[in-house]
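J.: Add chain F to chain C, keeping to what the hints say.
So the protein lines, in turn, are chains C and F.
The numbering of the first sequence is this note's numbering, which starts it at 1 and goes up by one.
The numbering of the second sequence is this note's numbering, which starts it at 1001 and goes up by one.
Think of the hints as simulated: they come from the structure by calculation, not from any bench.
All residues carry an ideal CB built from backbone N, CA and C; glycine is no exception.
Keep in mind that a hint or two might mislead.
Quick list of simulated restraints, FRET-style, between CB atoms [stated by the list, open to error]: (1) F:Phe1111 x C:Arg39: 20 to 26 angstroms; (2) C:Glu50 x F:Pro1088: 32 to 38 angstroms; (3) C:Asn215 x F:Gly1198: 22 to 28 angstroms; (4) F:Ala1134 x C:Asn89: 48 to 54 angstroms; (5) C:Lys121 x F:Ala1134: 44 to 50 angstroms; (6) F:Leu1143 x C:Glu50: 51 to 57 angstroms; (7) C:Arg212 x F:Ala1153: 38 to 44 angstroms; (8) F:Val1253 x C:Leu75: 29 to 35 angstroms; (9) F:Gly1198 x C:Gly72: 31 to 37 angstroms; (10) F:Leu1143 x C:Glu118: 44 to 50 angstroms; (11) C:Gln154 x F:Val1126: 36 to 42 angstroms; (12) C:Trp55 x F:Arg1201: 39 to 45 angstroms.
With a straight-line Cα cutoff of 20 angstroms, these simulated EDC-like cross-link-like pairs (lysine to aspartate or glutamate) come out [unchecked claim]: (13) F:Lys1139 x C:Glu26; (14) F:Lys1043 x C:Glu26; (15) C:Lys67 x C:Asp116; (16) C:Lys65 x C:Asp42; (17) C:Lys44 x F:Glu1113; (18) F:Lys1139 x C:Asp27; (19) F:Lys1240 x C:Glu187.
Here is what each chain is made of, one letter per residue.
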Amino acid sequence: MANVRLYIVLLLIVCTACTHRFDGVEDNTPIGNMECLWRTLDDKYCYFEEKSIDWQKVHDEYVPKVKSVRSGDYLALFDTLANMVNSLNDGHVNIYSNFDISRCDSWYAGYPKNWDWEVVKNYYLTDYRIAGGAYYNTIADGQVGYIYVGSFEQVVSANNMAYILRSFKDCKGVIVDVRDNGGGDLENAYQLAATFFRQDTTVGYWQHKNGRGHNDFSSLEPQQLRKSKMPSTWLRPVVVLCNRKTYSAANFFVSIMRYAYNSAIMGGVSGGGGGMPLSYELPNGWTVRFSSIRMFDASKNSIEPGISPDVFVEDDPQTNQDEIIDAAVQVIKKCYKNDTSH
Amino acid sequence: MLIGLILMVGMVRAENVEHESILMLRFGGSWRQDQYLSPLLYKGLMVGIGNEWWQPFRKETKLGQAGKLDNWEHVGRLDVRFDWTYNPTQSNVLYALQLQTGWGANYVWRFVEHGVQVFVGPYLDVSGGIKYHAVSVNKPISLDLMVSAQAMAGVSYAFKGKKTSYRLRYMVRFNLIGVDYMPDYWQSYYEMYEEVLGKVRCAGMWNHRTLHHELTLDMQFPHSTWRVGICHDYDEYGQKNMMFSTEQVAMVVGTCFRYKLNPKKDFASF
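The following block holds chain C by itself, in its conformation from the complex (with noise of 0.2 angstroms):
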């Protein structure tokens, strides 16, 4: 019995030990949950410089308004905390619950839609294919391969591309349609590139934050773009389409594509979002994401603002015709003309 009473004894001392919770952390309440949220984004976000945005100002004006959401009424918080993070205008900076994601949506407010689909289905993509995440067929009597990818959450793979070079094999040049491609997955991106480069290549750097200050930044880190493992590279004249909501790991590769060989890019501004995305954690649960890691291209340039390019071409919503589409045509025929290597 001594012995049972001994073991009891210490398997209370066991447990017993304490489980804390560290130091830092705001309670669970409107403004505690605010203040997380503030201090995440003074800490890591990467673009308060780049923007000019004074954040500490942004603080001092949503206090008072976080205080006055009553408590309990969680709606109000997130539409508060939502306005407090939009004012970022950053596509990559949104806060998730269970009942809501807010959004950004000012930094392609203003700018031409220069993309129907509708259009671009019924009279140039007709009876398309579909390999991997990109829709292709010839277009302008078989002149010119047109490759549409929607987006970089589907991979479009060097075999994928393979097939659809292979069926491309009689056109002067290749549109690489990224309108309207919201982002995904870089590797995705960096994949469907690698088909146009004839040799390894710096397509671009990153920076890390990597302190609190809003200018803590590592050093520039170079990012290598592989040649494709396919036998032979496109040599032939491509021309990348984009449009404001052109964003994300899109953004990325329309930065990228103006490092290949023969390439042009044409359409309108793409949208940006050149910052890598990162998410934590608020007291409430709730998960905010936000821009945490700068990126630029091979010039050094921040792609955040978006790519300007080559030609700017604006689509005429009033016709059933793509007019951004019919000029990277014209493009191409004019390209392959005046090239000699073919």
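T.: Chain F alone, transformed into the frame defined by chain C:
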């Protein structure tokens, strides 16, 4: 396959050598905080399987004979644990898989007439694991890695029941010095596994505190030996304002395989 590996490591050890091999299952509660991923304290459950073996240093001991006992023994262990923990609002789940292994040597003081043994010794611990944030938008991951020299100590008390022989053992182990992996505060999830070596730092009691202690009761029946117990693990480390902690309290159920031990010899007879 994992269970097979654990069994193999525990049992294939020196067939001709007197030793005990204990296969154990653990189940209990887990508390985690990983400020690389979240400021919140996560709570949930854990399960684990492991093997522990105890063995005198000499190959053919005369244990219990000629009045001469070997005062050094060594102990090894291999543990695999999986836990799933939730944030306070149950809106996110953190999965963690951990592997722990190690080897230690104990100097043993025996107080035969009282059935008591006291042991103290060094222990080399190797542990690591990955944590995966399942619901969060970017599906982030985090990493634990540590190799450390630890101090181990314990006491066991053997006594006889009517038909059963018992051994009650309390053992504690804590980190003295080693190396661990500390993710860069600003490192992205995409680079978690790049340049791991560049993020390895010296870890001692001042910046990485670990505590493992367990209380077990071994029961030797005529044809088999079984273990029940409770264990508590605590691990805390960090840098700047980013802290990590894991705490687990688990029930232990196991079975002992006793090799080359005199079948008539029970826990209380030494």
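J.: Could you run down the list of hints and mark each one as holding or not?
T.: Comparing the hints with the structure gives:
no.: 1; hint: F:Phe1111 x C:Arg39: 20 to 26 angstroms; in the structure: 57 angstroms, violated
no.: 2; hint: C:Glu50 x F:Pro1088: 32 to 38 angstroms; in the structure: 35 angstroms, holds
no.: 3; hint: C:Asn215 x F:Gly1198: 22 to 28 angstroms; in the structure: 23 angstroms, holds
no.: 4; hint: F:Ala1134 x C:Asn89: 48 to 54 angstroms; in the structure: 30 angstroms, violated
no.: 5; hint: C:Lys121 x F:Ala1134: 44 to 50 angstroms; in the structure: 37 angstroms, violated
no.: 6; hint: F:Leu1143 x C:Glu50: 51 to 57 angstroms; in the structure: 31 angstroms, violated
no.: 7; hint: C:Arg212 x F:Ala1153: 38 to 44 angstroms; in the structure: 42 angstroms, holds
no.: 8; hint: F:Val1253 x C:Leu75: 29 to 35 angstroms; in the structure: 48 angstroms, violated
no.: 9; hint: F:Gly1198 x C:Gly72: 31 to 37 angstroms; in the structure: 46 angstroms, violated
no.: 10; hint: F:Leu1143 x C:Glu118: 44 to 50 angstroms; in the structure: 47 angstroms, holds
no.: 11; hint: C:Gln154 x F:Val1126: 36 to 42 angstroms; in the structure: 40 angstroms, holds
no.: 12; hint: C:Trp55 x F:Arg1201: 39 to 45 angstroms; in the structure: 31 angstroms, violated
no.: 13; hint: F:Lys1139 x C:Glu26; in the structure: 23 angstroms, violated
no.: 14; hint: F:Lys1043 x C:Glu26; in the structure: 18 angstroms, holds
no.: 15; hint: C:Lys67 x C:Asp116; in the structure: 45 angstroms, violated
no.: 16; hint: C:Lys65 x C:Asp42; in the structure: 19 angstroms, holds
no.: 17; hint: C:Lys44 x F:Glu1113; in the structure: 64 angstroms, violated
no.: 18; hint: F:Lys1139 x C:Asp27; in the structure: 25 angstroms, violated
no.: 19; hint: F:Lys1240 x C:Glu187; in the structure: 32 angstroms, violated
In summary, the numbered hints that this structure violates are 1, 4, 5, 6, 8, 9, 12, 13, 15, 17, 18 and 19.
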